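S.K.: Fit chain B with the ligands to the known structure of chain A by using the hints.
Residue numbers (this note's numbering), protein chains in the order written: chain A, 1 to 390; chain B, 1001 to 1225.
Keep in mind the hints are simulated off the structure, nothing from the lab. A portion of the hints provided could be inaccurate.
Using C-beta positions, here's what the derived DEER-type ranges look like [to be verified]:
1) V289/A x S1143/B: 29 to 39 Å
2) G1130/B x A356/A: 46 to 56 Å
3) S1143/B x L288/A: 31 to 41 Å
4) T1058/B x F372/A: 26 to 36 Å
5) L263/A x R1075/B: 46 to 56 Å
Below, a sample of chain A positions facing chain B; criterion: calculated Cβ distance under 7 Å [said to hold, decoys possible]:
6) A15
7) G305
8) A306
9) I384
Result set (SDA-like, lysine to any residue): computed pairs, CA atoms no more than 20 Å apart in a straight line [stated by the list, open to error]:
10) K251/A x D224/A
11) K1056/B x V1005/B
12) K251/A x L263/A
13) K1119/B x R4/A
14) K1119/B x P1096/B
15) K295/A x S1091/B
16) K295/A x L1098/B
17) K1056/B x D382/A
18) K251/A x M229/A
19) K1119/B x L2/A
20) K295/A x S389/A
21) K1056/B x I384/A
22) K251/A x A230/A
23) K1056/B x R388/A
24) K1056/B x A307/A
25) K1056/B x R1012/B
26) K295/A x P1139/B
27) K1056/B x A1161/B
28) K1119/B x S3/A
29) K1119/B x A11/A
30) K1119/B x V6/A
31) K295/A x A1140/B
32) K1119/B x E8/A
33) K1056/B x R380/A
34) K1056/B x R1027/B
35) K295/A x P1096/B
36) K295/A x Q1090/B
37) K1119/B x V5/A
38) K295/A x R1097/B
39) K251/A x E222/A
40) K1056/B x E385/A
None of the values given here were measured: they were computed from a predicted structure. Glycine included, each C-beta is placed from N, C-alpha and C at the ideal position.
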Amino acid sequence: MLSRVVVEAAANLVASRQRSALALLGILIGAAAVIAMLNIGAIARNETVRQFRQLGTDVLTLRVDAPSGLGSFRLADVEAVPQEIPAVLDIAPFVLGGATLLHEGMTGMGTQLGVTASFASVARLRLREGRFISAHDRFELYIVLGAGLAQQLSAPYAPVRVGSQLRQGRYVFTVIGILEPVLQSPMMPVDVDGTAFVSIANMRRLMPDPQLSMAVARIHPEADPGAVMAALQRSFAPKLRDATLSLQSAKQLLAGMQGQMQLFTLLLGTVGGIALVLGGVGVMNIMLVSVAERKREIGVRLAIGAAPGDIRLLFLAEAVILSLAGGALGVLLGLGGAYAFAGASGWQYIFSPSAAPLGAGVSVAVGIFFGFYPAVMAARLDPIEALRSE
Amino acid sequence: MLELVDITRSFRVGPGTMPILRGVTLRLEAGQLVSIMGGSGSGKSTLMNIIGLLDKPTGGEYRIDGQDVLQAEARALSRLRNRLIGFVFQSFFLLPRLNAWRNVALPLQYRGLPEAEAKRRAIAMLGRVGLADRVEHMPAMLSGGQKQRVAIARALVGEPAVVLADEPTGALDPKVSQEIMALFLALKRELNVLILIITHDPGVAAQCERRLLLAEGTIAEQPPC
Ligand SMILES: Nc1ncnc2c1ncn2[C@@H]1O[C@H](COP(=O)(O)OP(=O)(O)OP(=O)(O)O)[C@@H](O)[C@H]1O
Ligand SMILES: [Mg+2]
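The shape of chain A in the complex, shown without the other chains:
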């Protein structure tokens, strides 16, 4: 009996296919918007977590700003921090600059960091080959390259490797290490992949007035970043004179980004929800037209012995089929849209397995909600009046 109702409802929808298609389109757009937004939200959340995975969240960055531009730490002050504030496990100050490197006729442009030996461990850099700068050979002309920069400098016949010689200005550096590729972290002022690392001593050779203006610190995973930041401010205040110290915590940044993302998802989800409601109103409208048009059929069915419940079921089935079909297409379109969005923004696509049941559930709910009133109207028709109507 129910299967018969479904077949008849579907046949009626097919018979007025233009109208059905329009109502379906409304639901389709709404469901697609909701599903795409939920999926993109999940993709974005995953992406933020991924961006922080390499560096970790137990990290702070420090920057000194002088009134006239970048300020500078004293190396000794920075290196004393772990003794002074036990929650800071390790700290790596660095000088930021730019580099133009030459190798076998290839030119590589990138950022350059003058670092101490601790930078590799604090920033969790992993080496594909070779080793990082160490305290013992900080006066040697040694250089470590990010994966992208090494690639950029490699000639087809002469790849850059440990031992390769690179020219920078008047100096010739020997490559002692090449890093594994890493995602750019929102915490770091540079893209590690496109960076050349040298010792701070070498940075003084390359730049007229290098400023030790930044540092990365690894703090205890259990430590409260807010408290550590306050302790750092207290400790540096007397040492920096008129310069100011800016601090950023990975944990707080991540929380902020996730909060923003959530707000964004919520906003777009709401837009999708509104679209879905409008789609539902479209279904209701079309069902009301259908009821008005088929009054006589309703009268005949009632005269023949259909109970009001049978009539209600028939029209409700139409509304639900309509919104279910729209919902199913909408889920496909929404997932496709999210996939395209991930592709376009270079993010990693993750499939939301809840999309299909959610989309189906929501659209059935919309169909029942908005189909109920027209179905009840149909079931309440007086058979005599219905039969008399053209």
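M.R.: Using the frame of chain A, we list chain B with the ligands on its own:
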């Protein structure tokens, strides 16, 4: 057997009420072909709606096979209509999206019969009205007379106590009307069913064994032809 006792029906019109049926008393037996004539607006369709359980009288008693059918609530009323009444309308009123046998099977479907059984009975009934070779036809592909035959099959398939036909030949030409009347005569004998025909056509009424006239809100028996 249908029993109507002192049935009245009046309609609210503006501030007052307008009596249409002023006390109809009738006994109708199974296996009869009965005609009701009367002027336009005399209340024939009103009476038909009451007999067909689509409308409730303002007063009076109505029993089918001894059962008081005026007390039934909506759901029970649907069931009573489904079991006891068959309708035939002037303009056929077939459902345009269902083919002939599905139209005929509709009352059985609402009765909850399995589809295979409903189909078997519908096709058998179509055979009885002479449409064995039209069971899969859509209504749009049938002539007026054929449509009315499908409608008659639909009215009879559930083996009702009474078939109510409101001007069943009104939309058909004389030759086809004659065929439909012949079919009614054959079927009421074959199925021992009460057939009540509203008509304006004295020729149609003349073929019925009982002729009733509705005038002034009451029923008068007319002599057999
Ligand atoms: N719902 C209603 N409200 C008010 N008046 C009504 C209603 N239904 C019927 N009437 C009135 O009752 C009277 C009888 O109507 P009915 O349809 O029974 O006539 P009829 O005998 O079938 O006429 P015809 O031969 O033209 O079909 C008419 O005057 C009509 O206006
Ligand atoms: Mg009438």
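S.K.: Next, verify each hint and record whether it holds.
M.R.: Against the structure, the hints:
As the Cβ distance of V289/A to S1143/B is approximately 31 Å, the hint placing it in 29 to 39 Å holds. Taken as a hint, the range 46 to 56 Å holds for the pair G1130/B and A356/A, whose Cβ atoms sit roughly 52 Å apart. For S1143/B and L288/A, the hinted distance range of 31 to 41 Å is satisfied, since their beta carbons lie about 35 Å from each other. Between T1058/B and F372/A, the C-beta spacing of about 34 Å keeps the proposed range 26 to 36 Å intact.
About 52 Å separates the C-beta atoms of L263/A and R1075/B, a value consistent with the hinted range of 46 to 56 Å. Evaluation of the A15/A hint against chain B yields a held restraint, the C-beta minimum of about 6 Å falling below 7 Å. Of the supplied interface hints, the one on G305/A holds, with its beta-carbon coming within about 2 Å of a beta-carbon of chain B, less than 7 Å. Taken as an interface hint, A306/A checks out: its beta carbon lies about 5 Å from the nearest beta carbon of chain B, inside 7 Å.
Residue-level restraint check for I384/A holds (minimum Cβ-Cβ distance to chain B is 5 Å; threshold 7 Å). As the CA atoms of K251/A and D224/A are separated by approximately 9 Å, the hinted pair is consistent with the 20 Å bound. Among the hinted pairs, K1056/B with V1005/B is consistent with the structure: their alpha-carbon atoms are about 13 Å apart, no more than 20 Å. At roughly 18 Å between alpha-carbon atoms, K251/A and L263/A fall within 20 Å of each other, so this suggested pair holds.
In summary, the hint linking K1119/B to R4/A is supported, as the alpha carbons are separated by about 13 Å, within the 20 Å threshold. Straight-line distance between C-alpha atoms of K1119/B and P1096/B comes to about 18 Å, which keeps the hinted pair within the 20 Å bound. As the CA atoms of K295/A and S1091/B are separated by approximately 15 Å, the hinted pair is consistent with the 20 Å bound. In summary, the hint linking K295/A to L1098/B is supported, as the alpha carbons are separated by about 16 Å, within the 20 Å threshold.
At roughly 12 Å between alpha-carbon atoms, K1056/B and D382/A fall within 20 Å of each other, so this suggested pair holds. For a cut-off of 20 Å, the pair hint linking K251/A to M229/A stands: about 12 Å separates their Cα positions. Between K1119/B and L2/A the alpha-carbon distance is near 17 Å, which keeps this suggested pair within the 20 Å criterion. Pair hint K295/A plus S389/A holds up; C-alpha atoms about 7 Å apart against a cutoff of 20 Å.
For the given pair, K1056/B sits about 11 Å from I384/A by alpha-carbon distance, which is consistent with the 20 Å threshold. Pair hint K251/A plus A230/A holds up; C-alpha atoms about 15 Å apart against a cutoff of 20 Å. Restraint check for K1056/B and R388/A: satisfied, since their Cα atoms lie roughly 17 Å apart, inside the 20 Å limit. Distance restraint check for K1056/B and A307/A: the Cα-Cα separation of roughly 17 Å lies within the 20 Å cut-off, and the hinted pair is therefore satisfied.
In summary, the hint linking K1056/B to R1012/B is supported, as the alpha carbons are separated by about 14 Å, within the 20 Å threshold. This hinted pair checks out: K295/A and P1139/B have alpha carbons roughly 18 Å apart, not beyond 20 Å. Under the criterion of a C-alpha separation no larger than 20 Å, the hint pairing K1056/B with A1161/B is consistent with the structure, at around 19 Å. Between K1119/B and S3/A the CA atoms are separated by roughly 15 Å; this keeps the pair inside 20 Å, and the hint holds.
Of the pairs offered as hints, the one joining K1119/B and A11/A holds, with about 19 Å between alpha carbons and a cut-off of 20 Å not exceeded. For the hint linking K1119/B to V6/A, the alpha-carbon distance of about 18 Å falls within 20 Å, and the restraint holds. Of the pairs offered as hints, the one joining K295/A and A1140/B holds, with about 19 Å between alpha carbons and a cut-off of 20 Å not exceeded. Between K1119/B and E8/A the alpha-carbon distance is near 16 Å, which keeps this suggested pair within the 20 Å criterion.
Taken as a hint, the K1056/B and R380/A pair is honoured in the structure, with Cα atoms around 16 Å apart against an allowance of 20 Å. Annotation: proposed proximity of K1056/B to R1027/B holds, straight-line Cα distance about 18 Å (limit 20 Å). For a cut-off of 20 Å, the pair hint linking K295/A to P1096/B stands: about 13 Å separates their Cα positions. A threshold of 20 Å between alpha carbons decides the hint, and for K295/A with Q1090/B the separation of about 17 Å falls inside it, so the pair holds.
A threshold of 20 Å between alpha carbons decides the hint, and for K1119/B with V5/A the separation of about 16 Å falls inside it, so the pair holds. Simply put, K295/A and R1097/B have alpha-carbon atoms about 14 Å apart, close enough for the 20 Å limit, and the pair holds. The straight-line distance between the Cα atoms of K251/A and E222/A is roughly 11 Å, inside the 20 Å bound, and the hint therefore holds. Under the criterion of a C-alpha separation no larger than 20 Å, the hint pairing K1056/B with E385/A is consistent with the structure, at around 14 Å.
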